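Residue numbers (the numbering used here), protein chains in the order written: chain L, 1395 to 1763; chain Y, 1395 to 1763.
Worth double-checking, as some hints may not be accurate.
Unchecked claim - Here are the simulated DSBU-like cross-link-like pairs (lysine-lysine), alpha carbons at most 35 Å apart as the crow flies: (1) K1534/Y / K1583/L; (2) K1534/Y / K1624/Y; (3) K1733/L / K1534/Y; (4) K1396/L / K1624/Y.
Source of the hints: derived by calculation from the structure; they are not laboratory data. Because the structure is a prediction, the values reported are computed rather than measured.
2 protein chains.
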Amino acid sequence: MKKFYIAKARRLRGTPFTSRIESQGLTAYTTYNHMLLPAAFEGTEKEYFHLKEHVQVWDVAAERQVQIIGKDSAKLVQLMTCRNLSNSKVGRCYYAPIIDEQGNMINDPIVLKLDENKWWISSADSDVELYAKGLASGLKLQVEVSEPDINILAVQGPKSFKLMEKVLGKKITELKFFAFDYFIFKGNKFFIARSGWSKQGGFEIYVENREAGLSLYDELFLAGKEFNVKPGCPNLIERIESGLLSCGNDFDNGDNPYECNFDKYIDIQSSIDYLGKKALEKILHKGINRKLMGVKIDLDKIEMMEERVLKKDKSVVGHLRSAVYAPHFKKVIGIGMIKKEYWDKKTSFEIEINNKKNKGIICDLPFKM
Amino acid sequence: MKKFYIAKARRLRGTPFTSRIESQGLTAYTTYNHMLLPAAFEGTEKEYFHLKEHVQVWDVAAERQVQIIGKDSAKLVQLMTCRNLSNSKVGRCYYAPIIDEQGNMINDPIVLKLDENKWWISSADSDVELYAKGLASGLKLQVEVSEPDINILAVQGPKSFKLMEKVLGKKITELKFFAFDYFIFKGNKFFIARSGWSKQGGFEIYVENREAGLSLYDELFLAGKEFNVKPGCPNLIERIESGLLSCGNDFDNGDNPYECNFDKYIDIQSSIDYLGKKALEKILHKGINRKLMGVKIDLDKIEMMEERVLKKDKSVVGHLRSAVYAPHFKKVIGIGMIKKEYWDKKTSFEIEINNKKNKGIICDLPFKM
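For reference, chain L alone in the conformation it holds in the complex:
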């Protein structure tokens, strides 16, 4: 597959850590929320095996925060998501699909409640800030919506716990999954959550002071030598195996949260008020005709730039949206939007790439390892 360079510009913003990762062997970028997001160092497969055994530090500053402050902040956050946040607690993270009035997906962020009147929406790749601004202006809500200069460092992998304990002290090991708290490093306070876009365990450090963040970054690599720490990035193989969805890849504004298997994050029973509630009621009543499922394909490589049709005889089974060669399965695995008639596991299909037909089967998400 032919490779192309990325043309840099201020519009694709660098992060505080860009110069570090570029001198640490970065080879490829993607962009995300108008920012550079590292995409490869030694190669996705090598990085996959390393992530599952050791520890990596990821520059995921591109995971931008939409900050909502003010008297009506809880109301605005709830208006945008179908997840019931009425019993949410300060100090906790909530995976919360953001939808529009038609009940279609806009984003799948982590919502962090810092205070009754202060929230961060840790966003996937779409301008949730503009949606929030439009709503706030339209409804004359008393809120301030902004994108503060917060740059996340993720520390991921099974040895992340030992590394973080060594650098930040015993207390960090007591942090529960999807909880956050403040921790001190060299006199600077860091907001840290036990979270991250892998299923290998780890933390996300919300760097609010760039200089202090760089000092912590360097210390993670210094202290991490004994744990075989490496720079890394969200890993396509690991995230597909784990069934972690990617906004813009696996779903977009043409899909609703039921089709994305987000049922447990949808509340249409209680009295909470959010956009798209009526639309979701209708969708639930009618039932969905397609949903995201796993697929396995007899191929040893694949490139995805747009969805690809999956067929059985002459009928469309569904559309493949993300895919990668997974060494564990010795096949390409992927996530596809599959029509109801084909939800039976082990449905076989064909996918045509470069005029060659390849066989595949449907399976559950996450993949059984």
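Using the hints, position chain Y against chain L.
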């Protein structure tokens, strides 16, 4: 300067023309509105000279349309922009800054009025669709907001008129600047505007039918041989020389339209209603302390990933936001946000890059050639 690859994924959507440009010598991409936008073929300088003399076909599908249809569509479009659109005409394009309630920039699209109740907002790189959706839901407006599958081909350069006449007939030469109309090619109707992101003249073809678009694309190259047609892309040298601003590069949500010299697109006199009107009144009353201006720097290359400080002695003169080496000036030229004390033309400054200080001067936009 070290180069990095771009990692492809469905999230960075390909266009109908991606396979064409990749086989025509593309070397680099940028991303724009969650889509691939070509950034280089033979190199910015070679392409600059070619664009100014011949004709280029650009895949600018990334310039997405936000379509607003319905009874309240004119109201919603006007709410988002400080430009007075109350006398706007069907069949015309309007450059219209989009701002938020605080009077800060969100986008600088071309607004196209297709009908009293049908508008396209041809957007720069931010999700105007989400801003419009938030506003529409908040205000319960009777509109449909969507991103239709429209993919723009720009035909730019002095020979674009001859090429378009050859392919589409005499009538296209009668199209006035910033007007649009429908034209027939091989039985397919194409929406074409006399517009484009260069000052070399040309057209933008809003391709609504992918297959027909590819056929037209191929014909433009076939018929264009005698005009030395080449594939191209928005050219950094040409657009900076011409003073064409780039959203996300030259301005962002931290800047207001007065600071961007958009005075003639701001109406605070009439009774039109838009978000940020009160904020702009205050800004006008108080006066601005900085604005975008041109700069020339004694350098033969530069890379921009974030704004760079311009200093005079120990004082900050302003910040450089876009810059490129311009062969005409045998210098780096750029666009910077300059503090009021330094608006006097020919103010000199220093810019430090890699620990080396370089001299520069302030000048007007667009650059005098």
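Comparing the hints with the structure gives:
1. A threshold of 35 Å between alpha carbons decides the hint, and for K1534/Y with K1583/L the separation of about 43 Å lies outside it, so the pair is violated.
2. A hinted pair counts as satisfied when its Cα atoms are at most 35 Å apart, and K1534/Y with K1624/Y does not qualify at roughly 47 Å.
3. Straight-line distance between C-alpha atoms of K1733/L and K1534/Y comes to about 34 Å, which keeps the hinted pair within the 35 Å bound.
4. Between the alpha carbons of K1396/L and K1624/Y the distance comes to roughly 21 Å, so the proposed pair stays at or under 35 Å and holds.
Hint violations for this structure: numbers 1 and 2, all remaining hints satisfied.
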